[in-house]
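Chemist: Quick mapping for you: the protein sequence lines, in order, are chains B and U.
The letter at position 117 of the first sequence is residue 512 when you use the working numbering, and the numbering goes up by one with no holes.
The letter at position 221 of the second sequence is residue 223 when you use the working numbering, and the numbering goes up by one with no holes.
For the record, the hints were derived by calculation from the structure and aren't laboratory data.
Treat the numbers as computed from the prediction; the structure is a model and nothing was measured.
All C-beta atoms, glycine included, are put in the ideal place defined by N, C-alpha and C.
There's no promise every hint is true.
[Stated by the list, open to error] Label-pair restraints from in silico Cβ distances: (1) 247(U) with 513(B): 50 to 56 Å; (2) 162(U) with 494(B): 32 to 38 Å; (3) 505(B) with 139(U): 18 to 24 Å; (4) 103(U) with 514(B): 18 to 24 Å; (5) 41(U) with 511(B): 19 to 25 Å; (6) 139(U) with 500(B): 38 to 44 Å; (7) 116(U) with 466(B): 28 to 34 Å.
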Amino acid sequence: MFLKYCLKDSVPVTGLCPQAGSYGVQDSLRRGFSSVKNELLPSHPLELSEKNFQLNQDKMNFNTLRNIQGLHAPLKLQMEYRAARQIQRLPFLPSSNLALDTLRGSDDSIGFEDILNDPVQSEMMGDPHIMTEYKLGVL
Amino acid sequence: IMATVSVCQYHRGGFSFENCKRNALLEADINKLGFSSPAARKTGTTICGVVYKDGVVLGADTRATEGMVVADKNCSKIHYISPNVYCCGAGTAADTEMTTQIISSNLELHSLSTGRLPRVATANRMLKQMLFRYQGYIGAALVLGGVDSTGPQLYSIYPHGSTDKLPYVTMGSGSLAAMAVFEDRYRPNMEEEEAKRLVRDAIAAGIFNDLGSGSNIDLCVITKGKVDYLRPHDVANKKGVRTGNYRYKHGTTDDTTHHTLTCFFPL
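With these hints in hand, go ahead and build the complete structure from the sequences.
Modeler: Structural data, given as structure tokens:
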């Protein structure tokens with residue numbers, strides 16, 4: 396039943412390739428083993444649309460802004476977003492992303508991403524050494 | 003190696019779809035083993051609303067069901083959104099509860115940011131955008147009503163995100179029974195008492211003719227500057243009082259012999 400829904404709507408396979416590493420092939424060392432059954436189809440029709448929701452919203456907003464105000468408006472905003480995204484704590488610690496939230500306007504709205512599965516209250520943490528090495532490109 | 007697996011995945015909040023495949027497998031196998039999967043608590047309901055001369059009257063029954071069993075005999079289905087906006091919810095109980103609470107928080111933040119009393123149309127827009135985003139998987143059918151600077155307004159919102167702005171709406175499993183009463187007796191610009199009676203009768207029609215609705219009738223009358231939350235407005239189904247008693251009166255049995263036993267309990 397899920398199969399018919401997903402294949403008919405032509406889900407792009409690139410969106411569902413979490414195992415791809417930096418060379419585009421399956422990265423067993425970092426992401427573990429995979430199976431065709433797990434990777435070909437999303438486990439829930441909403442999984443892909445939720446994963447890309449913020450990206451799609453941003454894309455839509457920037458396109459509208461470009462059509463209304465010209466190319467400079469989204470360029471300037473994207474530059475600010477890029478700068479704000481770089482304000483992070485150490486790789487294995489959760490960052491509040493306050494500047495990014497303020498720019499996006501999501502500092503005065505509450506959604507499911509604030510209530511369910513809050514990264515601040517996550518019980519698992521990546522190994523600090525491995526994560527720093529990965530961030531610095533040494534791994 | 004275990005640690006390296008979690009290096010690249012950024013942990014983000016929101017819904018997690020990790021268990022969906024497992025659940026699908028369980029669904030397929032569980033019937034073979036003779037069990038049944040747990041049913042979500044629904045509010046198989048009658049909710050309705052009507053616009054009258056000075057404002058809006060919202061009504062709801064108070065039964066929550068879990069499959070074929072009544073889970074809650076007196077649950078509250080009229081949720082607070084803002085001081086001048088209330089919302090009745092039908093469908094999955096948890097979904098309506100969480101959706102209305104999230105929208106209520108968002109509306110509060112929004113009204114703090116604008117400095118004005120929130121509008122019903124704002125709540126409507128927020129609800130429809132959220133429900134459409136989740137493509138109907140959030141099973142919340144809502145009747146949203148309130149009075150703001152543009153006057154009294156009533157909206158019905160379906161789980162997939164479509165909305166209608168109407169003078170009288172009904173939702174839930176008992177909606178047809180309630181709508182029959184509305185279609186018969188509704189007229190524009192009613193007085194408050196007449197509107198309350200109409201909503202009470204519509205909910206009563208749903209309670210008595212639909213298995214998914216029952217117990218009491220709650221009413222919420224919203225006018226400019228005043229909200230009357232009448233819970234319960236009408237106890238349509240009172241639980242019966244036991245007429246007889248099977249207890250034996252004291253002294254029914256005589257005690258003919260006495261034995262005394264002293265027990266010691268060392269502490």
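Chemist: If you check each hint against the structure, which ones fail?
Modeler: 6
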